[in-house]
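Asker: Chain by chain, the residues run as shown.
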Amino acid sequence: MFENLSEKLQRVFKNLRGEGKLTAENMESALREIRVALLEADVHFRVVKQLIENIKQKAMGEEVLTALSPSQQVVKIVHEELIKILGSHQSKLRFANEPPTVIFIVGLQGSGKTTTTGKLARWLSKNGHSPLMVSVDVYRPAAREQLSVIGRELKLPVYEGTPGETTPADLARGARKEATNTGRDVVLIDTAGRLHIDEDLMKELQELKGLLSPTEILFVADAMTGQDAVKSADEFHKRLGITGVILTKMDGDARGGAALSIRTVTNQPLKFVGVGEKFDAIEPFHPDRVASRILGMGDVLSIIEKVEEQIDQKKAEEMQRKLLENEFTLEDFRDQIRQLRKLGPLESILSMMPQVGILKDLKNVKVDEKEITRVVAIIDSMTPQERANHMIINGSRRRRIARGSGTTVQEVNQLLKQYAQMRKMMKSFSGGFLGKRLGKMKLPDILGQRL
Amino acid sequence: MIQTLFGSVPTQPSLLERLKSGVQRTRQGLVSQLETVLAGRKEIDAELLEELEYTLISADIGVRTTTEVLEIIRQRVDRKLVGDAGELRQLIQNHLIEVLQATERPLPRVTTPPAVVMVVGVNGTGKTTTIGKLARLYREEGRSVLLCAADTFRAAAIEQLEIWGQRTSTEVIRQKPGADPSAVLFDAIQAGKSRKIDYVIADTAGRLHTKSNLMAELEKMRRTASRLIPGAPHEVLLVMDATTGQNGLEQARRFTETSGVTGIVLTKLDGTAKGGVVIPIARELNLPIRYVGVGEKPEDLLPFEPEKFVASLFEA
Numbered sequence: 304m305f306e307n308l309s310e311k312l313q314r315v316f317k318n319l320r321g322e323g324k325l326t327a328e329n330m331e332s333a334l335r336e337i338r339v340a341l342l343e344a345d346v347h348f349r350v351v352k353q354l355i356e357n358i359k360q361k362a363m364g365e366e367v368l369t370a371l372s373p374s375q376q377v378v379k380i381v382h383e384e385l386i387k388i389l390g391s392h393q394s395k396l397r398f399a400n401e402p403p404t405v406i407f408i409v410g411l412q413g414s415g416k417t418t419t420t421g422k423l424a425r426w427l428s429k430n431g432h433s434p435l436m437v438s439v440d441v442y443r444p445a446a447r448e449q450l451s452v453i454g455r456e457l458k459l460p461v462y463e464g465t466p467g468e469t470t471p472a473d474l475a476r477g478a479r480k481e482a483t484n485t486g487r488d489v490v491l492i493d494t495a496g497r498l499h500i501d502e503d504l505m506k507e508l509q510e511l512k513g514l515l516s517p518t519e520i521l522f523v524a525d526a527m528t529g530q531d532a533v534k535s536a537d538e539f540h541k542r543l544g545i546t547g548v549i550l551t552k553m554d555g556d557a558r559g560g561a562a563l564s565i566r567t568v569t570n571q572p573l574k575f576v577g578v579g580e581k582f583d584a585i586e587p588f589h590p591d592r593v594a595s596r597i598l599g600m601g602d603v604l605s606i607i608e609k610v611e612e613q614i615d616q617k618k619a620e621e622m623q624r625k626l627l628e629n630e631f632t633l634e635d636f637r638d639q640i641r642q643l644r645k646l647g648p649l650e651s652i653l654s655m656m657p658q659v660g661i662l663k664d665l666k667n668v669k670v671d672e673k674e675i676t677r678v679v680a681i682i683d684s685m686t687p688q689e690r691a692n693h694m695i696i697n698g699s700r701r702r703r704i705a706r707g708s709g710t711t712v713q714e715v716n717q718l719l720k721q722y723a724q725m726r727k728m729m730k731s732f733s734g735g736f737l738g739k740r741l742g743k744m745k746l747p748d749i750l751g752q753r754l
Numbered sequence: 533m534i535q536t537l538f539g540s541v542p543t544q545p546s547l548l549e550r551l552k553s554g555v556q557r558t559r560q561g562l563v564s565q566l567e568t569v570l571a572g573r574k575e576i577d578a579e580l581l582e583e584l585e586y587t588l589i590s591a592d593i594g595v596r597t598t599t600e601v602l603e604i605i606r607q608r609v610d611r612k613l614v615g616d617a618g619e620l621r622q623l624i625q626n627h628l629i630e631v632l633q634a635t636e637r638p639l640p641r642v643t644t645p646p647a648v649v650m651v652v653g654v655n656g657t658g659k660t661t662t663i664g665k666l667a668r669l670y671r672e673e674g675r676s677v678l679l680c681a682a683d684t685f686r687a688a689a690i691e692q693l694e695i696w697g698q699r700t701s702t703e704v705i706r707q708k709p710g711a712d713p714s715a716v717l718f719d720a721i722q723a724g725k726s727r728k729i730d731y732v733i734a735d736t737a738g739r740l741h742t743k744s745n746l747m748a749e750l751e752k753m754r755r756t757a758s759r760l761i762p763g764a765p766h767e768v769l770l771v772m773d774a775t776t777g778q779n780g781l782e783q784a785r786r787f788t789e790t791s792g793v794t795g796i797v798l799t800k801l802d803g804t805a806k807g808g809v810v811i812p813i814a815r816e817l818n819l820p821i822r823y824v825g826v827g828e829k830p831e832d833l834l835p836f837e838p839e840k841f842v843a844s845l846f847e848a
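Residue numbers (our numbering), protein chains in the order written: chain Z, 304 to 754; chain W, 533 to 848.
The set of hints was computed from the structure by calculation and includes no laboratory data.
Check the hints yourself; a few may be wrong.
Claimed, not checked - Listed next, with one range per pair, are the computed distances between beta-carbon atoms:
1. L514(Z) - R727(W): 47 to 53 Å
2. E831(W) - D503(Z): 37 to 43 Å
3. E510(Z) - E600(W): 43 to 49 Å
4. V441(Z) - K743(W): 29 to 35 Å
5. E816(W) - Q724(Z): 33 to 39 Å
6. Q717(Z) - E582(W): 53 to 59 Å
7. A715(W) - K379(Z): 49 to 55 Å
Claimed, not checked - Mimicking DMTMM-like on lysine to aspartate or glutamate, the simulated pairs with C-alpha atoms at most 20 Å apart in a straight line are:
8. K673(Z) - E714(Z)
9. K359(Z) - E582(W)
10. K727(Z) - E580(Z)
11. K743(W) - E580(Z)
12. K512(Z) - D473(Z)
13. K708(W) - E456(Z)
Ideal Cβ positions, reconstructed from N, Cα and C, are used throughout, including at glycine.
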């Protein structure tokens with residue numbers, strides 16, 4: 304589904320490409336697709352409407368930058384607009400002047416409050432704090448047990464309460480007292496999941512807030528949430544005055560459009576994102592990354608930056624020429640791999656790629672870094688003549704190369720076959736759109752071969 | 533009638549009432565919005581269609597489905613088949629019922645018990661709670677049930693299931709946290725066979741559908757079940773949270789690919805979320821919705837019936 308979406312966006316931008324500047328007409332069709340993309344990303348429709356309006360104004364007023372194609376310019380505008388909403392800088396946790404700082408973790412059922420409480424406790428303790436956790440979820444079966452297990456695993460204290468402390472208020476007060484007595488500076492209060500329309504339970508939270516005056520009330524929201532995110536976040540905010548948002552389950556493939564909705568409706572900052580089941584899988588929130596993700600762009604901007612930083616422009620042009628003239632040698636092939644590796648681990652580069660067009664298949668490519676090392680070794684074991692002209696590599700040369708690189712003749716054969724295929728493929732690419740775009744990036748050419 | 537793996541049993545009359553109250557919020561939301569849209573307007577104009585689009589999208593039905601529904605309406609309007617705004621509602625309703633009805637299929641008959649039911653889904657959708665409710669439902673029908681604590685990953689997941697076991701007087705087969713889920717399932721099915729239990733319901737750890745290693749674990753569980761009982765698992769229920777947005781479709785797709793989902797349980801319908809993503813799921817994956825969860829009590833699980841569901845969405 305998301306792939307199709309990104310393709311749609313890509314198509315619009317492709318349509319816009321070649322047209323000298325942004326006009327009312329081409330902007331209309333781009334905006335329509337952006338609107339669909341945002342809605343499919345679960346951004347609330349009213350938020351989308353407002354966004355589209357802003358983008359339109361911006362785009363029409365924008366001076367045409369010669370450095371950017373219209374499509375790039377539209378992406379830039381949309382991206383900037385999203386970042387503007389999401390918050391342009393990271394928002395840090397606040398602490399009380401007089402410890403202990405009380406932090407409430409609130410949210411709907413199943414959003415990930417207890418796991419997040421554990422992650423936050425770990426994060427706090429890594430950052431020089433000494434947290435105490437307490438679960439005041441007296442409703443869900445084994446909820447308090449769950450936090451205790453997490454505490455044991457993290458070797459961080461969880462306030463278990465005395466047998467007499469049976470209500471959330473008792474437990475929370477008990478925990479705060481315990482923190483004061485034992486010199487803990489942060490009390491993390493894991494509250495029961497509740498529906499925002501559950502009058503009794505919402506009242507309970509309000510009372511808890513009155514009793515403990517928390518410094519932070521963090522609303523935990525599932526990144527997969529749809530249009531309803533607005534209603535729940537709004538209600539929690541109205542009743543409690545939340546001070547921040549934590550977006551969980553961002554390690555999945557949900558676009559996380561709910562982040563925009565929640566941010567818009569509460570005007571409170573997103574502080575953290577949960578990115579996995581392990582307790583270290585929590586990161587400070589980066590508005591730009593989430594903006595890219597909502598757009599389904601992958602972290603293209605970072606890739607482009609990285610590529611620009613690492614790849615010698617002259618060399619790239621030379622490579623382009625060679626591709627076009629089919630002079631692409633094994634030596635060039637090796638250079639290309641080396642340049643690529645400068646960008647970092649392939650897995651992380653692939654994860655930043657947009658899932659669009661022919662790049663879509665890359666998502667499922669299992670990259671074996673060792674195999675790439677092997678390929679380089681094979682090419683290293685060739686003579687300069689062999690690298691320049693692969694046609695001369697006969698059986699005995701293959702055996703020598705295999706021995707020299709510590710591989711097998713089969714592996715050498717395979718590499719040569721892939722290289723031949725690649726030359727062929729690149730030749731057909733180099734004429735058209737892909738050649739211009741991808742040839743410049745130097746990434747998929749190699750990866751597409753499933754080394 | 534409630535369809536079960538062993539045939540149909542009559543339902544208590546209160547079920548319809550409960551279904552109605554369960555979807556009341558959904559209905560109220562959609563109906564009141566629709567009525568705002570439809571009331572006092574006879575003519576169908578572009579503005580009305582746009583408002584309808586927003587209404588459907590806000591129910592998480594998704595842009596594509598919404599667009600197609602509205603396209604049908606546009607065509608009828610063009611052909612002058614729809615006279616006024618009032619008929620629009622009927623058209624939308626009919627279309628959605630058709631979509632949901634197309635997925636209906638009878639449950640597989642299990643001739644030699646136990647029937648193995650696997651419950652899967654992403655984290656936090658309410659799998660364990662749903663299992664507790666399912667156990668109660670089957671027990672009410674006079675069936676014997678064994679629960680299998682195959683979520684050996686999440687902290688205190690086993691304890692949570694055990695509490696549900698106590699609540700519904702159902703035995704739970706468990707191992708230590710961190711045990712191989714397939715091994716727990718093996719034990720549970722063996723126990724079910726030797727004790728001639730009707731249903732073995734397996735809880736599984738919540739997992740994001742993008743984690744291929746965890747999805748492979750579900751495949752292994754399936755293989756384990758089918759080795760012990762040919763045809764098992766007889767039912768694989770994907771538990772989906774009604775607040776889920778468009779990602780639900782991808783969830784359903786991936787879980788179906790790896791664990792052979794046979795039906796969906798839509799939970800948390802007692803909130804304000806509409807759960808409209810089941811419509812695109814029904815359209816694209818042809819997956820029936822078996823039950824809806826409407827609260828935290830053991831009895832808050834109701835059979836899903838397309839006509840009633842859609843009717844409740846649209847009828848006042």
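Asker: It remains to establish, for every hint, whether it holds in the given structure.
Answerer: Now the hints, each set against the structure:
1. One distance hint, 47 to 53 Å for the beta-carbon pair L514(Z) and R727(W), holds here, with the actual separation near 50 Å.
2. Our hint of 37 to 43 Å for E831(W) and D503(Z) is violated, since their Cβ atoms are close to 19 Å apart.
3. Separation of E510(Z) from E600(W) is about 48 Å and conforms to the stated range, judged on CB atoms against 43 to 49 Å.
4. Remark: the range hint 29 to 35 Å for V441(Z) to K743(W) is upheld by a beta-carbon distance near 32 Å.
5. At about 35 Å, the beta-carbon gap between E816(W) and Q724(Z) stays in the expected band of 33 to 39 Å.
6. Remark: the range hint 53 to 59 Å for Q717(Z) to E582(W) is upheld by a beta-carbon distance near 56 Å.
7. The hinted range of 49 to 55 Å is satisfied by A715(W) and K379(Z), whose Cβ atoms lie roughly 54 Å apart.
8. Restraint check for K673(Z) and E714(Z): the C-alpha separation of about 13 Å stays at or below 20 Å, so the hint holds.
9. Note on K359(Z) and E582(W): the hinted pairing holds, with a Cα-Cα distance of about 19 Å set against a maximum of 20 Å.
10. For the hint linking K727(Z) to E580(Z), the alpha-carbon distance of about 44 Å lies beyond 20 Å, and the restraint is violated.
11. A hinted pair counts as satisfied when its Cα atoms are at most 20 Å apart, and K743(W) with E580(Z) qualifies at roughly 11 Å.
12. For the given pair, K512(Z) sits about 13 Å from D473(Z) by alpha-carbon distance, which is consistent with the 20 Å threshold.
13. The hinted pair formed by K708(W) and E456(Z) meets the criterion: a straight-line CA distance of about 15 Å does not exceed 20 Å.
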